[in-house]
Amino acid sequence: MSVGYQAVGWSRQKRVYDFILAGGVGAYLALFIGLSATLHPEATAETLIIRAFGTAAFVLLHIVLAIGPLCRLDPRFLPLLYNRRHLGVTMFLLAFVHGGFSLFQFHALGVLDPLVSVLTSDGSFNSARTFPFQIFGVVALVILFLMAATSHDFWLANLSAPTWKALHLLVYAAYALLIAHVGFGAMQSDGGGIIALVTAIGALGLCGLHLTAAQRESRVDVERGISAAGWVDACAVADIPEKRAKIVTLGGERVAIFKYDGKISAVSNVCQHQNGPLGEGRILDGCITCPWHGYQYKPDCGASPAPFTEKVPTFVTQVRAGRVWVDPRPRPAGTRIGPAMIT
Amino acid sequence: MIVNLRRRHRRIWLVLAFVLPAVLLIAWRARRSPPVMDRLPDALREESKR
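If you read the protein sequences in the order shown, they are chains A and B. Position 334, counted from 1, in the first sequence is what my numbering calls 392; the numbers after and before it change by one each time, with no gaps. Position 44, counted from 1, in the second sequence is what my numbering calls 40; the numbers after and before it change by one each time, with no gaps.
Hints are computed from structural coordinates only; laboratory data are not their basis. These figures come from a predicted structure and were not determined experimentally. Incorrect hints may appear among the rest.
[Unchecked claim] Below, a list of computed lysine to any residue pairs in the SDA-like style, where the Cα atoms sit at most 20 Å apart:
id: 1; chain 1: A; residue 1: LYS223; chain 2: B; residue 2: ILE8
id: 2; chain 1: A; residue 1: LYS72; chain 2: A; residue 2: VAL122
id: 3; chain 1: A; residue 1: LYS72; chain 2: A; residue 2: SER175
id: 4; chain 1: A; residue 1: LYS223; chain 2: B; residue 2: ARG4
id: 5; chain 1: A; residue 1: LYS223; chain 2: B; residue 2: ARG2
id: 6; chain 1: A; residue 1: LYS223; chain 2: A; residue 2: ALA124
id: 7; chain 1: A; residue 1: LYS223; chain 2: B; residue 2: TRP24
id: 8; chain 1: A; residue 1: LYS223; chain 2: B; residue 2: PRO17
id: 9; chain 1: A; residue 1: LYS223; chain 2: A; residue 2: TRP213
id: 10; chain 1: A; residue 1: LYS223; chain 2: B; residue 2: ARG7
id: 11; chain 1: A; residue 1: LYS223; chain 2: B; residue 2: LEU1
id: 12; chain 1: A; residue 1: LYS223; chain 2: B; residue 2: LEU21
id: 13; chain 1: A; residue 1: LYS369; chain 2: A; residue 2: ILE400
id: 14; chain 1: A; residue 1: LYS304; chain 2: A; residue 2: GLU338
id: 15; chain 1: A; residue 1: LYS223; chain 2: B; residue 2: VAL(-1)
id: 16; chain 1: A; residue 1: LYS356; chain 2: A; residue 2: ILE305
id: 17; chain 1: A; residue 1: LYS304; chain 2: B; residue 2: VAL(-1)
id: 18; chain 1: A; residue 1: LYS223; chain 2: B; residue 2: ALA26
id: 19; chain 1: A; residue 1: LYS321; chain 2: A; residue 2: LYS223
id: 20; chain 1: A; residue 1: LYS321; chain 2: A; residue 2: PRO365
[To be verified] Quick look at which bits of chain B chain A covers, simulated, 3 or more residues with Cβ under 8 Å:
id: 21; stretch: -1 to 8
id: 22; stretch: 20 to 27
The C-beta atom is built at its ideal place from N, Cα and C for all residues, glycine as well.
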């Protein structure tokens, strides 16, 4: 958590995750190069490497972008989310090898500087048929580099969460650029249309996943009415599973109402680390535990246990006739509020 | 902040749902014809190599 920076806080789970990731990428590259060399014996080693690393990065980008909505739709995908940034950095490295070999093979032997050549030698903006697809790839690679370079929590803390989030939202621009890169590049010489078909399935699949997840999320955001005394009837006590939470939206923000040991406490649903949904976590060792990266908060005060320093806003709760009532005004982060007792 | 972020995500994907198929469609329609050699029937291709 925030008490001190480590390059990577290695755990067994992270090692297993990275081992599977490295194995998967290695197997894909070996399979792609082996099959391509058999089916296209005329292809050079450089061409096979360019294609293998380019497609691997593109496939991995789809996986990275699919993890978020998949976790919203089914919590069983959550383990994939814990170290998603490792997937992102790996994807950038694969794309970098693809770009590096392309630069070497197609632009290093001319009279122009390779970097000038890649930006100027390619096609014409006046025709879709000869559109300069390499520029799309270069711009996307620059965005992916910025994201990979700032993926560590150090940058999240120092850039501030809004700036960091805004920077990392650029991944969607990078994805659109890469669709154009593939469309005006590899797809142009794809006689059978396989690349077009696979790319269209990937793009439409991702759009469908994100929009479906957004639709489901919007159902949670239905506001509840406030009583004359300023309380909101949030839910029945029986609706909350033990040591878990019910998420409700109050005043435009989500609140996680936890039930534990005969008590009810409510905190902001937003983890201070990466805005993870605390209400989808559970209470472990007496602390609310974020399902994304395991950040913990005490349910009665919203503060992380010492020596950690994160805090989330808390809410006053009451239990009346089997229902949970919440004062929708958030108290300052870390404010201790006695939990409501379930009678 | 989180509500705005969710709203922004939703809008971005709504835009992408129109933009990405449009880009692919334009790119598909702009596809170059394969080289003449690749369009020849097999018998003619063999003949052309002589």
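Now the hints, each set against the structure:
no. : hint                   : verdict
1   : A:LYS223 <-> B:ILE8    : holds (14 Å)
2   : A:LYS72 <-> A:VAL122   : holds (16 Å)
3   : A:LYS72 <-> A:SER175   : violated (41 Å)
4   : A:LYS223 <-> B:ARG4    : holds (11 Å)
5   : A:LYS223 <-> B:ARG2    : holds (12 Å)
6   : A:LYS223 <-> A:ALA124  : holds (18 Å)
7   : A:LYS223 <-> B:TRP24   : violated (34 Å)
8   : A:LYS223 <-> B:PRO17   : violated (26 Å)
9   : A:LYS223 <-> A:TRP213  : holds (11 Å)
10  : A:LYS223 <-> B:ARG7    : holds (16 Å)
11  : A:LYS223 <-> B:LEU1    : holds (9 Å)
12  : A:LYS223 <-> B:LEU21   : violated (31 Å)
13  : A:LYS369 <-> A:ILE400  : violated (25 Å)
14  : A:LYS304 <-> A:GLU338  : holds (8 Å)
15  : A:LYS223 <-> B:VAL(-1) : holds (13 Å)
16  : A:LYS356 <-> A:ILE305  : holds (17 Å)
17  : A:LYS304 <-> B:VAL(-1) : holds (18 Å)
18  : A:LYS223 <-> B:ALA26   : violated (36 Å)
19  : A:LYS321 <-> A:LYS223  : violated (35 Å)
20  : A:LYS321 <-> A:PRO365  : violated (25 Å)
21  : -1 to 8                : holds (count 7)
22  : 20 to 27               : holds (count 7)
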